[in-house]
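Chain by chain, the residues run as shown.
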Amino acid sequence: MVSQQLDLGELKSILEKYAPGGRNQLLPALWAAQNCYGYLSEPVVVAIGKALKVPLADIYGVIEFYTMFYKEPVGETIVRICVSPICTQRGSREILNSVCEHFDIQPGETTTDGKYMVEAVECLGLCDFAPSALVGEVPVSISAGATPQSWIQSPDPAPLGHLEGDPCWLLGSCGEVDPAEVKDYEGCGGFMGLKRTLQNPPEFVIEEITESGLLGRGGAAFPTGMKWKFASQAEGQPKYIVCNADESEPGTFKDRVLMEGYPLSIIEGMAIAAYAVGSHYGYLYIRGEYMRAQSIMQKALANARATGYLGKNILDTGFDFDIDVRSGAGAYVCGEETALFESIEGKRGFPRLKPPYPTDQGLFGKPTDINNVETLCAATWIMANGAAAFRSLGTEGSAGTKVYCLSGDIAKPGVYELPLGITLGEIIQKAGGVLGELRGVLIGGAAGTFAGPDDLDLVMSFEGLAENKYFLGSGVVNVINTDRDMKQILYSLAHFFAHESCGKCFPCQLGTQRQLEIMEKSVQGQLTNADLVALEDVGFAMAETSICGVGQMASTAILSAWEKCPDVFGLEESFNGQK
Amino acid sequence: MSEEYVQLTIDGTPISVPTGTTLLDAAKDVDVDVPVICYFAHTTANGLCRLCVVEVEGARMLQAACVTTVQEDSVVHTRSPKVERARRTILEMLVSTVDISESPELQELVVDYECYPERFEGGKKRQPAIIDDNPVYLRDYSQCVMCWRCVQVCADDAQFSYALNFSGRGFDTQIATFFDKPLPETTCVFCGNCIGVCPTGALKAKREHLIEQGVAPEKVMEFTRLKGKKKKSHNSAG
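Here the protein sequences line up with chains A and B, keeping their order.
So the first sequence is numbered by my numbering: it starts at 1 and just counts up by one.
So the second sequence is numbered by my numbering: it starts at 580 and just counts up by one.
Hints are not guaranteed to be accurate.
Using C-beta positions, here's what the derived DEER-type ranges look like [unchecked claim]:
{"no.": "1", "chain 1": "A", "residue 1": "A530", "chain 2": "B", "residue 2": "R658", "range": "22 to 28 Å"}
{"no.": "2", "chain 1": "A", "residue 1": "K299", "chain 2": "B", "residue 2": "A638", "range": "36 to 42 Å"}
{"no.": "3", "chain 1": "B", "residue 1": "E684", "chain 2": "A", "residue 2": "G236", "range": "38 to 44 Å"}
{"no.": "4", "chain 1": "B", "residue 1": "E764", "chain 2": "A", "residue 2": "E235", "range": "56 to 62 Å"}
{"no.": "5", "chain 1": "B", "residue 1": "Q686", "chain 2": "A", "residue 2": "G145", "range": "53 to 59 Å"}
{"no.": "6", "chain 1": "B", "residue 1": "P593", "chain 2": "A", "residue 2": "E437", "range": "55 to 61 Å"}
Some chain B residues near chain A, calculated using beta-carbon distances under 10 Å [what the hints assert, rightly or not]:
{"no.": "7", "residue": "K607"}
{"no.": "8", "residue": "G626"}
{"no.": "9", "residue": "L627"}
{"no.": "10", "residue": "M640"}
{"no.": "11", "residue": "V646"}
{"no.": "12", "residue": "T648"}
{"no.": "13", "residue": "R664"}
{"no.": "14", "residue": "A665"}
{"no.": "15", "residue": "T676"}
{"no.": "16", "residue": "Y720"}
{"no.": "17", "residue": "V724"}
{"no.": "18", "residue": "C733"}
{"no.": "19", "residue": "A737"}
{"no.": "20", "residue": "A755"}
{"no.": "21", "residue": "D759"}
Keep in mind that the hints were calculated from the coordinates and are not lab data.
In this text, a Cβ means the ideal position worked out from N, Cα and C, and glycines have one as well.
Using the sequences plus the hints, can you model the full thing?
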């Protein structure tokens, strides 16, 4: 057995570091061991289980849950090719096939020389560089016609990407300064929000955020001020601040850009939230695929600590707050807040039943405020500039700006910060307009909805979209022209959800698979009217009965495509699927 | 502590139950039968199967009766068209995935809800091979509905043995031991709790299985004893 040849000596220092934290340190310990040995062999896992006092079956369950943990040896370099709906539009499945052909392997296999393992993965958050891949830790954009030899053997790191703001409130000097340097950040007004925060009582901060009308930017649009108030009033200590940086919604890459380009603004936002809520501990949970963002955030955290913006007695005010970075390991569902808590606690990322809500019983069962990256950046800006200034843009129900992620068939894909309340057409124009003839726009991501070519005057605000049964979600605007294969896009949407369902509740566990099978038939041109009735029933059951947002939203995009353009399924007309 | 009561209406019948009562228990009080698969009175309710969903007027979506507590003035419908459609679809998806030939309660539900699982014909099924790795019981996960009860009683809900957890994810989730090892090589103490709580034929006592296979009851011991001795020399069997 290969595993018996392993030298477990190196594991000793890993175990010494993580054992005192027990199960809560399971994911960091597994990551450290895997980085050391390349994979998680049985003897290594047994040693981790003993040291951290976690039942072995439970650790096995954790390894099996997260796609980035391997229990078998893998290639020296893992080539992860994105087959999400966005990259699929730009030929990533064909690229996957040609790479596998080149190496003479199947997806998930390692080359005979042990150098490369090739995997098909879901969205890598590089949608502005589609088709994209991760070669080891290097994010790359695969240029048309590039041979596998060129982009895999000497990967060219993708830059931060195209950024534009009108105004640049949250983006600030993102992309223009050394991101982790405190001096650079201070030079463009950084930490003014935290200073103003610490000069006032926590109630003032909560009032200011409430006044600003800020709604959560992760997708659910919950009023941030109200969330902070609930967390501050909740019984129980300690309280936690969690930043949800598990950005995995296909089409979304704004949080990656903010982390890689403006990390100190996120740290400042977490410190502001902590002060408002009365917390001294924060966790920044970043998806495992964002390796570059993780290392930039680590550097920024160290610099913030060294300059007195984090740690004990921040800016001599007596306020203590520090942040631990946690890496996900390949699970979309961990972007669901309670699944994220489970993951930090060293478990499979199963969403919890609600109530209780996180502000009452969140991480480790304690009152927890969990906010998206962009939400925290907005809080930073609001505390520096005031609630009234934030309200000066946007609409009555949707104050301020939104950082949109534009991808697909547009002239300049990238991240755009724009006032809420402008139209879909205006947003697309900002990015240089549609390339080719517009077929549709996927708004809000895989869990979003399709808009048609006649919907360009849709008002992009939380309330404006909700009125028309759309969701702003995380701010995805994915433009699709008539050259794209809609059936293939819908298939990859279904594939995404089937791959990412956690398997906890029956409707999502079974429904995402059945939905995928129906979309498979659609691609093969074998769809019948009865299949479409089944598709509607499956979508209905998932939406009405799933435990968390993953299952509840798993069918919205596909069913909206059917409603907007029934011809995508190759059938004559739409019909209502009453049995 | 004096109990406080909540007034609500279930299928048109007004009732009053103590605060904190689940909709499932409240329905029992008015003799309304709400179907469940994963729910079991002696294990922590996880609300997995969603078959017990009911329609609560004003709620954003259907509510799982086993984990939703009563609210003042709620108007609850346990068999509205929406409820029927959701339950029927979940059952159809389940039955087209799992072998329910030894699960009479599920078979009854399929009839009751006029299910047509054939609409998913050709879809993926869960059909792992039977695991026969110990003298006490068999594991036939092609009959497993993923109710989690066995994992729960093996862990904090009863035995604290922690021999069972999961492999895979999503549709491909399965109950598993550490690195899929045979049970005798795990922390399993053969308490039998998991067999007791299994709602289908997925976990079955070896004795029962052998008798079904035509082995005379007085001969059963010969088979299980033999297996028990074999265990030591054939650790990786199964």
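Hints breached by this structure: 2, 4, 7, 16 and 19
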